[in-house]
Structure formats: structure tokens, C-alpha cells
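**Student:** Sequences listed follow chains F and R, in order. Per the working numbering: the first sequence = residues 286 to 821. Per the working numbering: the second sequence = residues 20 to 359.
Just so you know, not all the hints are guaranteed correct.
Stated by the list, open to error - Straight-line alpha carbon distances no greater than 25 Å define the calculated DSS-like cross-link-like pairs of lysine-lysine that follow: (1) 403/F / 167/R; (2) 228/R / 195/R; (3) 736/F / 800/F; (4) 583/F / 625/F; (5) 634/F / 195/R; (6) 163/R / 403/F; (7) 444/F / 403/F; (8) 312/R / 301/R; (9) 312/R / 403/F; (10) 228/R / 163/R; (11) 145/R / 104/R; (12) 583/F / 195/R; (13) 163/R / 312/R; (14) 301/R / 163/R; (15) 167/R / 312/R.
The hints are simulated quantities; they were obtained by calculation from the structure and are not laboratory data.
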Amino acid sequence: MISLTNTSLRYQGDAVFSDVNLQILAGEFVLLMGATGSGKSSLLRVMNGLTPHLTGGELTGEVHVDDRSIRNLRPRDLAESIGYIGQDPLAGFVSDRVEDELAFTMESLGLSPDVMRKRVEETLDLLGLNALRARSMATLSAGEQQRVAIGAALTAHPKILLLDEPTSALDPTAADEVLALLQRLVHDVGMTIVIAEHRLERVVQYVDRIIHVHGDGHVSISDPITALQESEFVPPLIELARRESWSPLPLTIRDARRLADALRERLITASPPTKRHNAFQPAETFALCDRINVSYGKHNALRDVSLTFSRGTISAVMGRNGAGKSTLLATFVGLKSPDKGALTLGGHKPSELSSHSLSRLVGFVPQEPGDLLFSESVSAECAANDKDRGLIAGTTSDLLNIITPEIDHDLHPRDLSEGQRLALALAVVAAAEPPLLLLDEPTRGLDYRAKARLGTILRKLANAGHAIVLATHDVELVAEIADRVVVLAEGELVADGETEDVLTASPSFAPQIQKILAPSRFMTIHDVINAEQSQA
Amino acid sequence: MKSVALRTGSRIHPLAWWGWAFALTFAASATSNTWVLAAITVGALVVSLNCRSDGPWRQSINYAIYLAVTLLVIRLVIAMVFGAKIPGHVLLTLPSTHLPQWLSGISVGGPVTSEKILLILREGAKLATLVIIFGAASSLTQPKELLKSLPRALHEAGVIVVVSTTFLPQIVASIKRVRTAQRLRGSRGSRGLSLTRVVIPVIEDALTKSLDLAAAMESRGYGQTQEKPGRRLSAVMLLVGLLGIVAGVYLLLIPTSFINFPWAVLAAAAAISVIGLWLSGKNLRLTVYRPIKWNLEAVTLPLLGVSLAAAAGTVLHSTTALIFILLLACAPALYLGRQP
Numbered sequence: 286m287i288s289l290t291n292t293s294l295r296y297q298g299d300a301v302f303s304d305v306n307l308q309i310l311a312g313e314f315v316l317l318m319g320a321t322g323s324g325k326s327s328l329l330r331v332m333n334g335l336t337p338h339l340t341g342g343e344l345t346g347e348v349h350v351d352d353r354s355i356r357n358l359r360p361r362d363l364a365e366s367i368g369y370i371g372q373d374p375l376a377g378f379v380s381d382r383v384e385d386e387l388a389f390t391m392e393s394l395g396l397s398p399d400v401m402r403k404r405v406e407e408t409l410d411l412l413g414l415n416a417l418r419a420r421s422m423a424t425l426s427a428g429e430q431q432r433v434a435i436g437a438a439l440t441a442h443p444k445i446l447l448l449d450e451p452t453s454a455l456d457p458t459a460a461d462e463v464l465a466l467l468q469r470l471v472h473d474v475g476m477t478i479v480i481a482e483h484r485l486e487r488v489v490q491y492v493d494r495i496i497h498v499h500g501d502g503h504v505s506i507s508d509p510i511t512a513l514q515e516s517e518f519v520p521p522l523i524e525l526a527r528r529e530s531w532s533p534l535p536l537t538i539r540d541a542r543r544l545a546d547a548l549r550e551r552l553i554t555a556s557p558p559t560k561r562h563n564a565f566q567p568a569e570t571f572a573l574c575d576r577i578n579v580s581y582g583k584h585n586a587l588r589d590v591s592l593t594f595s596r597g598t599i600s601a602v603m604g605r606n607g608a609g610k611s612t613l614l615a616t617f618v619g620l621k622s623p624d625k626g627a628l629t630l631g632g633h634k635p636s637e638l639s640s641h642s643l644s645r646l647v648g649f650v651p652q653e654p655g656d657l658l659f660s661e662s663v664s665a666e667c668a669a670n671d672k673d674r675g676l677i678a679g680t681t682s683d684l685l686n687i688i689t690p691e692i693d694h695d696l697h698p699r700d701l702s703e704g705q706r707l708a709l710a711l712a713v714v715a716a717a718e719p720p721l722l723l724l725d726e727p728t729r730g731l732d733y734r735a736k737a738r739l740g741t742i743l744r745k746l747a748n749a750g751h752a753i754v755l756a757t758h759d760v761e762l763v764a765e766i767a768d769r770v771v772v773l774a775e776g777e778l779v780a781d782g783e784t785e786d787v788l789t790a791s792p793s794f795a796p797q798i799q800k801i802l803a804p805s806r807f808m809t810i811h812d813v814i815n816a817e818q819s820q821a
Numbered sequence: 020m021k022s023v024a025l026r027t028g029s030r031i032h033p034l035a036w037w038g039w040a041f042a043l044t045f046a047a048s049a050t051s052n053t054w055v056l057a058a059i060t061v062g063a064l065v066v067s068l069n070c071r072s073d074g075p076w077r078q079s080i081n082y083a084i085y086l087a088v089t090l091l092v093i094r095l096v097i098a099m100v101f102g103a104k105i106p107g108h109v110l111l112t113l114p115s116t117h118l119p120q121w122l123s124g125i126s127v128g129g130p131v132t133s134e135k136i137l138l139i140l141r142e143g144a145k146l147a148t149l150v151i152i153f154g155a156a157s158s159l160t161q162p163k164e165l166l167k168s169l170p171r172a173l174h175e176a177g178v179i180v181v182v183s184t185t186f187l188p189q190i191v192a193s194i195k196r197v198r199t200a201q202r203l204r205g206s207r208g209s210r211g212l213s214l215t216r217v218v219i220p221v222i223e224d225a226l227t228k229s230l231d232l233a234a235a236m237e238s239r240g241y242g243q244t245q246e247k248p249g250r251r252l253s254a255v256m257l258l259v260g261l262l263g264i265v266a267g268v269y270l271l272l273i274p275t276s277f278i279n280f281p282w283a284v285l286a287a288a289a290a291i292s293v294i295g296l297w298l299s300g301k302n303l304r305l306t307v308y309r310p311i312k313w314n315l316e317a318v319t320l321p322l323l324g325v326s327l328a329a330a331a332g333t334v335l336h337s338t339t340a341l342i343f344i345l346l347l348a349c350a351p352a353l354y355l356g357r358q359p
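With the hints as extra help, turn the sequences into a complete structure.
**Tutor:** Written out as C-alpha cells, the structure is:
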């Protein structure tokens, strides 16, 4: 269906990938994996001509889609054969109403109104969107937006769908819905699907083959088992299976459980996973809120929420999209004041502080780290931060060197990788040593290595006495680093406890290792390694 | 966030509403009778409040009312303070000052008579009525549906408007987000400095978003059917036609001796424009999803408007006639019923 022959992409002389040869067959579900910045998105966009048409760069070799060369075709000429869904579906929407959005592609292609009406109705049914047909786009949840974006591409009746990180902004349940939908398109409709994704733990079980973008220009395609045996980026399930030399490599929890009997038996006698203890003593409470209510107009975003955050602990705030996670963070940084209830930061009320003194108490790393950055280079950014906050010159860049030693201080912040940009934003915020550090969805677009890095950094900061709060959907990251988990639903606090207790009790939030090893309560591969070492 | 369900069923063609509003405008500007103006205003209000569409634009009648009242009040205040004196029953006397010799034409303050207030209100009534009619028409139609019913040649302009109305709120949200983030960074210093701190990330974000949008539109086939031969010819014809219309209007308003056939120029230019529009529309293979059809109700609306204008212009202004005009003005509301 798609074939690349000796395809190379160079961008200003630098090869992104070279001499790629691969065939994707009709009806295949293919995953594109690779480190952040390895060229996954570029390769995906080569398949419908967006690269080089829209992004520039020099493409050599042949790309055939549906048996025709796309050398002289524009992406718009391929709209009937390939649908493309970008990383941020909201940014790609043209209309404000679901139904009109679904029709936009067909209007551009000049289909007759009868055909359009029929296809819109079919698509609404296929994707279960009928209840949303008259809704305005801005009121949809992230999962619904993703489904509408898929629907909008489907109405042109393409044979191929390309998706760039379709689940990175979604909570585990919404992500499962989107992936189940894609699987149905492959199985029932015969669609060919290529998706680029970092969260392999969500995807590998569904795909037929994996394209591995190695980042050094080399690209390979193979079946999932071979690809995952060799890859350095694997989900916890595969990491455990490789460590235990399970064969064949299990891709689903079910297969892994069947192979895990021996391991489970071994671990029964092992001491239960050591509880993470607060390395920062005494664990003093820094921030607390007592039965706060926060509302936007008539909508109650938070209801009777009481929480405390103490120095030295990493807390994770989890919950569905729209459960009130961001509102909770916004309230702690003083952006929203509670209608009812009390909130204090080290004894002060955030609403009564000037923004300068507030920034000494609480630091906030937004979802888009770029929102914080405005300078021409990393070093200028650090210098400006020292000056702003009245720090000794060099404080920020010293901290940055501790966080990521290899970062190039002459680069423009926009040219950094996602992980490096996050590290820079974190350094800028943490340099003033605010006791409370809040991070909103820090792992979007990060690969496993960058996430492990982030975990180490956050632990260091916690040990230095920061109270760290992260709002996230990333179960595996939470299992790895959080001391405590808070779950919000519909603006109410539904669970608050040690990571282990909260995660193991929930089917959708349980990490992979725990699912395999249940009923024992090991959550990460490190727990397993530690237990075995203490046994020996 | 409030969930806004935008209604689509049983829609009236937006041009029908605008036709009705245009007829009302004509009636309002042709008459000098305050009672007729009042009847038209009441009609526009009743129809708008009963039949207005869903969505944010339904509020436009409220803004029109504020605007009309504000205009009347401003006129009243200015005329009371600076206006010419009109003899009659004195209501109140404002303190007056004597202006220097060279401003002797203008008087400040002095007695305010009830006759004067009535005169000002009657003068202002026409403007207020026009504002209300315009507000009513906007609240009754959805701008996007109006764009849908434009000629195909204007499709591109329509898409630009639609895209920017969805894109602008995103930029506003981005400005808010970045300001928050920068404030929490503890940025202090001069205002100019903090402005660049907000502007640079916002522009970067806007550029990224517009590239995403471009990629999305491109891969969804936008513009696939547009670059057909004849496009340039139609563009030239449109340009020539528009220039011709401008020239024709100029000639009509400011007669010159060497070209004394302005109407011919206008007609020719209009014809060229229409052909140009038709040509460029012909080259577009674009379609409209669920187009709004002209139904019986829609056709009746402009006719109701025209009969109102005729009645307001010809009928003697007795009480019965006024009631008839009022009924005609409210007719669409009675006829279409209350919309859900």
C-alpha cells in the first residue's frame, strides 16, 4: 500500500534518515517508534507528502502510495487515499461544529451534497459520535476531539490513515477507546494504519509490524517481537519479559501472566516491595487546602477538596481529562481563588501575595514548556532568570548542568529536544528554590529514556526539600516515581494514598508489572529486581 | 464550560432574514413619523426575541439595544448642553456660561424645554431604529451560514473568515496561558520587557499552530480543485469590474465634462464583475454540506418586509393604520412561531 524505495531525507545538509526501504501492505496496522527527535514525525509525513511539501528538506528516492508515485503530487491531491491526523487535533480543526468538521474534506473535494450527507451519517455511527454531532468543538473532551479528527479524515474514504501520537494527551481510558477504534478500522473496514507513538505500553499489543527509527539515519521494519527484542525503548512488560527470557516475547498482559507463574512463585517468599520513604526529614507539610470549592461560572471544577503536600514527597494527581487536575494546580499557583474553603502555602494565602513573592513559594512548569521561554539562547535564558529573581549570576545554569549536563547552552530554546526544553523550563522554575513545584503533564512527547531522566531529576529535587506535584496520565511514570497518588473525578477527591495502594486498587490505573504479578504488589521492574536481590 | 449545542434543523435561509431587514431599513429611513418608527422597532424586537438562532451571535440584539439607548442618551446630553434654544415649557435650567467672542455661535447650558427633548428624541429615533433592525438581523442569522450561501467564487474568503473565527480564540487562550506562566516565573522589570516575554512565546505558539492547521488543511484536500485554467482571467475580470464600479460611482457623484455616461460605465463594470464571479465559481469544484434551501417561509419573509415598507409609505397615519403596520412588523414572529 505504501512503499519507500531508497528514500532519504536531508534537512539543511543533515540526514534525518537515509536509504529507507520498506513496504507497508494493505490492511496492516503499523507502529512507528523511536526516540524523541529521531525523525518519526518526518517519516510519517513523508508518506503523504507533507514532508517536504510543507516543511522543506530534500527528499530523494521513490515513495509510492497505492501504486502511484507521489513525487509530483501535492498532499492535497492525496486526500482521497490518505488521511493524516496531527499531534494536536484541536489545532487542525477548521469549523466550530462537529458535523461541519466532518464535512470539510468532502466540501474541498467537491462531493455532491447527497453523498456528503450519507457519509457524515455513516461516520457518526462508525465512531459513535452521533450524540456529539451538533456540539461546538471547544466543548469536546480531548478523547472526543481525537475521535472527531479521525472521523473528519475518514469521510473522504481514504485507504490509509496516518496518526501522529494520537494518545499522548489522553487519559488511559480515552486512549484505550481511540486504539480500540483504530483496531476496528483495521479489522472491520480493512484500513491501513500507520501511527507514531511513544507510549508503547498502550500500542504494541494491537500492531502487526513495527518501524523502528533508530535516530542515526537507519530505519528498519520487522514484526513486533523482533523489533522489541532489539529495541532500547521498551515498555515495562517487555523489559520484564526480556529480563526473564520469556519466549515467545509476550505482547499482552494475558500472555505475560501465563508465562509469569514461576516468577510469581519466586516472589511469594520475597519481602514485599520496600515502601518509598521520605528522604527529606522531617516531612513538614508545606501546602494545604481545606474543603476548597472552585468554579468557572456555574460549573463546579472542584468540590470540597482537602489535600496537603509536604516537602520531600512527589505527589501525582491523576484522573480523567476534565476531572479538575489543572484547576487544582491553578488554584495552588494562585490563578483561581477558591469560592469556599482555605488554601495556604507555608502559612500564606496565595491570593494575598504579590506575584513576585508568590513565585518564591511556588513554581509552575506548564504543559508547554515553551510558554516560559523567550530568550535567544539557553545561556541568555538562564542569565535573564538569575536577574529576574535576584539570584547570584550562574545559579540557573548551574542547576541546568546538574539536571542535564550535556545540553548545549548556545542553542535556541526552540531547537532543543522536548526533553531538554522541559529540563530548561524546570531549571528556570526551580532555580529560585520554591518549596512547592507543580508540573502539568510533563511527559507528553517524551520517550522512555527522557522519562527515566525526568524521574531522577524530580527525585533529586524532592530529596533537596521540594514538595513536588505532577498532574499526569502516565501510569508507568507515576508507578516509577510518585510517593503518593491523588485521584480526582468530577472535581471531587476520590482517592488519596500511597502510590501502591491507589494504583493497585484500580483496573485502569494499574501499571503493567502489577497487572502481571497480581496479587503481589510489585509495581515496577525495579521493585522486582530489589526483591530478588534481597532474596539472594 | 457551558455546552453549546448549535441547532441546524428547520433553518430559514439567512438571505431571507437580511432581505426582510433591508425592507424594514428602507421603511424606517423613508418615514419621518415617530409612531411608524416605534412600530418597526417593536416589530424587530419581537421577531428577534422569538426567532433568534442559537449560538453566541444571538446576543447581538442585546448589544443593539444597549447601543441604541446609549446613542439616544449621548444625543440627548449633547443637545441639552450645547443645542440651540427652543422655546416652550421649561423643565429645568442648566447653569450657563458665556463663551469668548470667537465662539459666540455656541451656547452652553441654559433652559431645557420639554419641546426640545421631544425633538431630540424624534430625531434620534430613526438612528436607534436602524441599529435595532441591524441587531435583530444579526441575531436571526448565523454569520457562517450567510457565508455558506455566498457565491462559490467567494468561498475562499468565507473559509478565511471561518478559520480565523476558530483560530482567534486559540490565540487569546495562548496569550492568557503564556502571561500566567511568565507571571509565575516571577518576571519583573519594565513593562516593555514583559511585553516581549509574552509576545515571543505567543507568536511562536501561533506559528506552530498555523503550521499544524496548514498541514491539516493540506492533507484534507483543501484547494485541490481550485487551480484550474481560467482562474487568472476571472481574477482580472473581477479587478477590472470593481475598478469600473468605483469609477462609475465617482463619475455619478462628481460629474465631469468629458465622460457624461456614468450609468453606462456602472452597468458595464457590474456586468464584467458578474461574469468574473461566475467564471471563477465555474472553475471551483466545491460543494456545500447541507445547504439551506429557500422554502416557503423564507420566500415570505422579504415579501412581508416589502409590504410593510409599502404600508408605511402610503397608508394615512391613523391609529388603525399604525396597528396594521405594527402587526405587519411582528408578522414573522406570529407566522414562524417561537423557535425552540
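**Student:** If a hint holds in the structure, say so; if it does not, say that too.
**Tutor:** These are the hints, each one checked on the structure:
no.	hint	in the structure
1	403/F / 167/R	holds, 20 Å
2	228/R / 195/R	holds, 16 Å
3	736/F / 800/F	holds, 21 Å
4	583/F / 625/F	holds, 14 Å
5	634/F / 195/R	holds, 23 Å
6	163/R / 403/F	holds, 22 Å
7	444/F / 403/F	holds, 18 Å
8	312/R / 301/R	holds, 21 Å
9	312/R / 403/F	holds, 18 Å
10	228/R / 163/R	holds, 22 Å
11	145/R / 104/R	holds, 22 Å
12	583/F / 195/R	holds, 21 Å
13	163/R / 312/R	holds, 15 Å
14	301/R / 163/R	holds, 22 Å
15	167/R / 312/R	holds, 11 Å
No hint from the list above goes unmet by this structure.
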